[in-house]
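Starting from the known structure of chain R, arrange chain Y on it as the hints suggest.
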Amino acid sequence: MAKLQAGYLFPEIARRRSAHMLKYPDGQVISLGIGDTTEPIPEVITFGMAKKAHALSTLEGYSGYGAEQGEKQLRAAIASTYYGDLSLEESDIFVSDGAKSDISRLQVMFGSNVTMAVQDPSYPAYVDSSVILGQTGQFQKDVEKYRKIEYMKCNPENGFFPDLSTVSRTDIIFFCSPNNPTGNAATREQLTRLVQFAKDNGSILVYDSAYAMYISDDSPRSIFEIPGAKEVAIEVSSFSKYAGFTGVRLGWTVVPKELLYSDGFPVAKDFNRIVCTTFNGASNISQAGGLACLSPEGLEAMHKVVGFYQENTNIIMETFTSLGFSVYGGKNAPYVWVHFPGQSSWDVFSEILEKTHVVTTPGSGFGPAGDGFIRVSAFGHRGNVLEACKRFKQLYK
Amino acid sequence: MAGVCTRVTRNLNMEKLRNGYLFPEIAMRELEHMKKYPTAKVISLGIGDTTEPIPDVVTSSMANHARRLSTVEGYRGYGAEQGNKALRKAIAETLYGDLPIKDTEIFVSDGSQCDISRLQLLLGSNVTIAVQDPTFPAYIDSSVIIGQTGDFQDETGKYQNIEYMPCRPQNNFFPDLTTTATTDVIFICSPNNPTGHAASRKQLEQLVEFARANGSIIIFDSAYAAYVTDDSPRSIFEIPGAREVAIEISSFSKFAGFTGVRLGWTVVPDELLFSNGFPVIKDFNRIVCTCFNGASSVAQAGGLACLSSDGLMAVQSVVDYYKENAKILGDTFTSLGLDVYGGINAPYAWVHFPGMKSWDVFTELLEKTHIITVPGCGFGPGGEEHIRVSAFGHRECILEASRRLKSLLS
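Line order of the protein sequences matches chains R and Y.
Take 1 as the starting number for the first sequence in this note's numbering and just add one per residue.
Take 1001 as the starting number for the second sequence in this note's numbering and just add one per residue.
No false leads were mixed into what you were given.
Just so you have them, the derived chain R footprint on chain Y, three or more residues with Cβ under 8 Å: (1) 1044-1057; (2) 1113-1122; (3) 1293-1307.
What the hints contain is simulated information worked out from the structure, not anything from laboratory work.
Ideal Cβ placement from N, Cα and C applies to all residues, glycine included.
Excised from the complex, chain R in its bound form (with noise of 0.2 Å):
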C-alpha cells in the first residue's frame, strides 16, 4: 500500500473539479473527465429491475443468496448473446458487479508473484491493482512506472498498438479494447500476433472489452474471435457502458475451460475458488437488470444509447479536428484522445478546466505514455456535450 502513489486518479479528478467548484460557483461545469453514463436507462431494463424488487416481497418471488457465479439464465443469456457462434458457454462465464471488482479479484488468483505487462497509457485500476497485491517494485518517479511492470507503449507512431518484438515476456499481460483512454480498436490482424505472443511466451492474456459494443467497423468485440484464444485469454466486460450501470453494478469475465496454469490445472477451478470465497454474487435485482438488457427489447434499447454516445463522440471528435488537432480514438469508442505536443497533459487538464469549466481527463494520468494527451469523454446530455464544444473553439480558435 505505502508503494501507490497518491489518490486513484478519478476520485483526484473529483477532487480537483469539487475546489473549481468552489472557485467558480456560478462556472456550469461541464463534465466529460470520468467515463459516467449520464442518459437514463431503458425502461425495459428497470421495469425488469422493478418488477424482481417487488418480488422479493412475496414468498414465491423470495430469493436468498445466489449462486456466486451467477443466475444460471444470465449466464446463458450472457453465453449465447456475446460468445454464441464462438463455441462458449454459461458455465464460462462469471457474472460479477463490474470489471473494476473483477480485475482485483484475478489479481488476488494471481497473487503475488506473477509479472505483468499494461499498455502504456491504460485504465489505472490494472497497475493499481498490481501495486496492492505486491507484483510490483517501487514507483520511479523519473520514469513515471513502477518497477517489475512492463509498460506496452501505445502512440501514434506504432498505431496504438504495442510493438511485440520490443516487449519482454510477462506472466499476464492486461489488454483494453476498444481501449481506455486511447480509443483505439485493435484490428483481427494484430489481436492474431497477441494471442501468438501470448501462445510464444506462455502468458495469460486478461482481455478488457468493456466497450465491444461502441466498435462501428468490423474491429473483433471479442478476444476468442481469434483462433487458439481460449488456450491464452480470460476476457473481462461490463454492463456499465451499454445499459448505463455504472451505478447498478453489473459485469462478467469469461475464464474458458481450456485456460491451463503450468502445471496443467485449470486456471477457471482456481477463478471459482476465488468467487466462492472473496465473493458473494452480484446483486439479484441487478442481475434481473442485466437479463432485461439481454431481451431483444433491451438489446435494441442498448444500441439506442450506445448510438446517443457514439454521436456525442462524433461531435467531439469533429470539433477538435476543426480545430487542428490530432484526435485519436472516437471511432469504435466513447472517449477522444486529443494531442497537445509538448504540453503537460496536467497543465492542459488545468487550462482547459479554468478557462472553459469543462472536466476533462490528462492523459498522463493512464501511465506516462499519456502525457501529451487528454481523453475527453463522450458521455453526457447533448447540450452540454454541444455546450462544451463551443467552448472549445472558443478557447483555441
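What follows is chain Y alone, placed relative to chain R:
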C-alpha cells in the same frame, strides 16, 4: 483434457486451500441426496440463508429507485465508492446511535464476504491472524489466499501460522486470552457464527485490553447484532478504547433478508493507526477506490429504507420470526437431552453430539430425517462433535423439522 498449458505458475496460496469451500460441499451432498430420494421433502437448516420475504416498505423503495433510473432527474451513474452519503449517515445515526461513529468512518459494501477479502488485501501477506475455533470459514480461507498462512496440516485440521483460539462450552465460548499468542489481527464474530454465543461486555473489554497491550487490530464481525436478545454488546465500539484497535464489519443480509441483494458495511475509526502512525482508514479508502466501485445503488436505496422508522420495525419483525424459530429448534434439542448452545442471541443452535464425528451426524440426520445441517468440523477442528442448525426457514418447515428430529432422536 489434452490442452496447451500456459507457462504461468499457479498461485501457491490457491494450492494450499483445502478442497471445496464448506457450503458448496454441503450443496453437493444435498443434490446427491435429492437424487437418491426424489420424493423426500428436504428441509434445509444448513447454510444460513434467509427465507422470509423482505418487507414491502424496503422493496418498494428499491423498485422506485430502479424506475427513477429511467428518468432524467432520477438517473445516477457512478456512486461514491465509499457509499451513498445519506446511507452512511443513516447507518451511523440509526445503528451506532450514541456511539461517536462518524458517517465518514463507514464504508458501504456488497457484503461481509467481500469486505473480509478487501480487508485482507489491505493487510497484505505479512501479517499474522488469530481466529476463533470454530469460526466462519471465510476469515481463514481469505487469509490463505492472501498468503498469510503456512500449509494445512491434516493431523490437526489447521493451517500453520494461524493462531486458533478454542471456543468451547468450558471457556464459555470465548478465547482464553491468557493462552493466546500475539498476532497482528484478531478475528472475532459476535454473536458468533457458528456457536451462537454473544460475547459479554466483560469478555469484550478483556479482548480490547488484550489488543491494546499487543498492538493488534481486532476485526469484529457483528453481522448478527440484530439477534441479540439480552444486554450483550451489539458493537465493539461500545467498549471504551476500541476505536484505537478495532474495525467492525456488518451486513444487511441477516438483518433485512438481503442475502441476494448484497449490502453491508465496514467501520474503520479515524483513530486506528498502523505502527508507523499511518491511518488505516486512508489505506482502506484506497482499497475501496481501486478494487471496488461501490455497492449497487438499488441495494443502497433498500438499505436506506431499512433504516427508516417503518423499515426498522418491519425488518425487526422478520428477525424476531427467525429468533422464534431458533427457540423452537433449541427447545427441541434440549427436550431430547442434548446440550444445546447459542440460539438466544443468534439464529444458530450449536448442538453437541459427544463422541461422534460431525460429518457422521450430518449424514445420519440427512439420511434419516432429510434435514440439512452443517457439520461443526467445517468451521474448524474445534467444531468437531457439534452440528450447527440454522433457524432460517418457514415456520412450518421448522416445526416439521422439529417433529422429525423428535422421532429420530427420542
